[in-house]
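**Student:** As a plain string of letters, each chain reads:
Number of protein chains: 2
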Amino acid sequence: MRQLHHFPLSPFCRRVRLILGEKRLTFDSHPERPWEPRDELFPLDPAKQLPVLIEAGGGAKLSDAQAICEYLEELHPDPPLLPKRAGDRAEVRRLCAWFDRFFFGEIGSVVVREKYLKRFRQVPSPEPDLAALRRALDATRRHLAFIEKLVDARDCLAGPLSLADFTAAAHVSCVDYFGDVPWDAFPKARDWYARLKSRPSFRPILADSVPGLTPPPHYANLDF
Amino acid sequence: MRQLHHFPLSPFCRRVRLILGEKRLTFDSHPERPWEPRDELFPLDPAKQLPVLIEAGGGAKLSDAQAICEYLEELHPDPPLLPKRAGDRAEVRRLCAWFDRFFFGEIGSVVVREKYLKRFRQVPSPEPDLAALRRALDATRRHLAFIEKLVDARDCLAGPLSLADFTAAAHVSCVDYFGDVPWDAFPKARDWYARLKSRPSFRPILADSVPGLTPPPHYANLDF
Numbered sequence: 001m002r003q004l005h006h007f008p009l010s011p012f013c014r015r016v017r018l019i020l021g022e023k024r025l026t027f028d029s030h031p032e033r034p035w036e037p038r039d040e041l042f043p044l045d046p047a048k049q050l051p052v053l054i055e056a057g058g059g060a061k062l063s064d065a066q067a068i069c070e071y072l073e074e075l076h077p078d079p080p081l082l083p084k085r086a087g088d089r090a091e092v093r094r095l096c097a098w099f100d101r102f103f104f105g106e107i108g109s110v111v112v113r114e115k116y117l118k119r120f121r122q123v124p125s126p127e128p129d130l131a132a133l134r135r136a137l138d139a140t141r142r143h144l145a146f147i148e149k150l151v152d153a154r155d156c157l158a159g160p161l162s163l164a165d166f167t168a169a170a171h172v173s174c175v176d177y178f179g180d181v182p183w184d185a186f187p188k189a190r191d192w193y194a195r196l197k198s199r200p201s202f203r204p205i206l207a208d209s210v211p212g213l214t215p216p217p218h219y220a221n222l223d224f
Numbered sequence: 225m226r227q228l229h230h231f232p233l234s235p236f237c238r239r240v241r242l243i244l245g246e247k248r249l250t251f252d253s254h255p256e257r258p259w260e261p262r263d264e265l266f267p268l269d270p271a272k273q274l275p276v277l278i279e280a281g282g283g284a285k286l287s288d289a290q291a292i293c294e295y296l297e298e299l300h301p302d303p304p305l306l307p308k309r310a311g312d313r314a315e316v317r318r319l320c321a322w323f324d325r326f327f328f329g330e331i332g333s334v335v336v337r338e339k340y341l342k343r344f345r346q347v348p349s350p351e352p353d354l355a356a357l358r359r360a361l362d363a364t365r366r367h368l369a370f371i372e373k374l375v376d377a378r379d380c381l382a383g384p385l386s387l388a389d390f391t392a393a394a395h396v397s398c399v400d401y402f403g404d405v406p407w408d409a410f411p412k413a414r415d416w417y418a419r420l421k422s423r424p425s426f427r428p429i430l431a432d433s434v435p436g437l438t439p440p441p442h443y444a445n446l447d448f
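Protein chains in written order, with the numbering used here: chain A, 1 to 224; chain B, 225 to 448.
Be aware that one or more of the hints could be misleading.
Said to hold, decoys possible - Mimicking BS3-like on lysine-lysine, the simulated pairs with C-alpha atoms at most 27 Å apart in a straight line are:
1) A:Lys149 / B:Lys272
2) A:Lys61 / B:Lys308
3) A:Lys23 / A:Lys84
4) A:Lys61 / B:Lys373
5) B:Lys285 / A:Lys149
6) A:Lys48 / B:Lys247
7) B:Lys308 / A:Lys23
8) B:Lys247 / B:Lys285
As the list claims (entries may be wrong) - With the Cβ distance kept under 10 Å, some of the chain B side facing chain A (calculated, not the full set):
9) Gly245
10) Ala291
11) Ala321
What the hints assert, rightly or not - Which residues of chain B face chain A? A partial, calculated answer using Cβ under 10 Å:
12) Leu268
13) Gly283
14) Leu286
15) Ile292
16) Leu296
17) Leu299
18) Arg317
19) Phe326
20) Arg343
For the record, the hints were derived by calculation from the structure and aren't laboratory data. All C-beta atoms in this analysis are idealised placements derived from N, C-alpha and C, irrespective of residue type, glycine included.
Just chain A, with the same shape it has in the complex (with noise of 0.2 Å):
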């Protein structure tokens, strides 16, 4: 069996779980803590990044978690996540690493480490800067304004549903853990998201219960 090691609020291990749901892909879930990170899970990785992926049987040790995609979409292209055209792929691509840098460095990195990392590991302090979280609130209008844009002028962010409407949405689930996404504001990006919520690759993501930390009552709750 494959094995996952992962963190459960990090976008990153979220994207891959909601791809090997998808492609119906069974693995072992393992868990990690990433502020005491196992050095064997990283033999050339300084950073120590999650997710880590391991094939059975001993085979490939993989990290990235777009590379983690990229690779199952080859293995397993049924059902497809990247369109056929190769301009098409491209848009996908920019789409998740838009999401990468500008959701997660603006927005998700924030609200984890504020609001959770400081409280359970006590460094550099245990006070939340509001400062900073009010700028991630601001930062998740934009956001949320930019997703309105693609849904309206297509189906789903880059077309019809792909690895981009996944690495959104498990961004967006790491915020809307913490009760930070302001949905009423926003009723068509609400419609999207109630679409990615509902499919059952989803539901160990809405399922997640981070120990110390409940999520609010819509957060699992398909009809929000």
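Got chain A sorted already, so can you dock chain B onto it with the hints?
**Tutor:** Relative to the frame of chain A, chain B by itself:
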């Protein structure tokens, strides 16, 4: 003719220039000022990132360096810059993402901001932050040690020459333009970079000249 809009000191733009060169694909070069973005280049990119590649005849308009490189690899597979096996391709992609995130985040973005953008844009302050530059120099040593560890275990960064090498070399070259790479302490990394530098695709990079900012003599020297 395809059009490439790029910023000469951006490692993301340099990577695409290198890959176009490796694949012997001609293009019209349009240097841009990222601090004065032309909106028409970025209809669906709120971050207005370079490079932007526009195919001939009003074809695809592509952005994000990795997405563009994957696109070029799919349409122009010769010479190949991704290996054949899915697991090996995943390792190349992991390393591309690694340098994009960590080398650029810890070093390249800092050096260009402190030594170039502050001087020419004069915002937010024209004084370079010396402590930030010292941290970037420390990080450079760690990253060169990582490159040495990889080329010690393999021929190039991910095995045979691949997109990972051009990605890393593009990042290194931007920092080298400022003379901020401590080559003497890292002879194996220097050998690896010398191999990259001597390729014809690197010539336009070594000929880059940013107004007001002369690179050190070793920058364009193949025998540095």
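**Student:** Now, for every hint given, state plainly whether the structure supports it.
**Tutor:** Hint by hint, here is what the structure shows:
no. : hint                : result
1   : A:Lys149 / B:Lys272 : holds, 16 Å
2   : A:Lys61 / B:Lys308  : holds, 17 Å
3   : A:Lys23 / A:Lys84   : holds, 17 Å
4   : A:Lys61 / B:Lys373  : holds, 18 Å
5   : B:Lys285 / A:Lys149 : holds, 18 Å
6   : A:Lys48 / B:Lys247  : violated, 33 Å
7   : B:Lys308 / A:Lys23  : holds, 22 Å
8   : B:Lys247 / B:Lys285 : holds, 19 Å
9   : Gly245              : violated, 19 Å
10  : Ala291              : holds, 4 Å
11  : Ala321              : holds, 5 Å
12  : Leu268              : holds, 7 Å
13  : Gly283              : holds, 8 Å
14  : Leu286              : holds, 5 Å
15  : Ile292              : holds, 7 Å
16  : Leu296              : holds, 9 Å
17  : Leu299              : holds, 5 Å
18  : Arg317              : holds, 4 Å
19  : Phe326              : holds, 6 Å
20  : Arg343              : violated, 25 Å
Of the numbered hints stated above, those contradicted by the structure are hints 6, 9 and 20, listed in ascending order.
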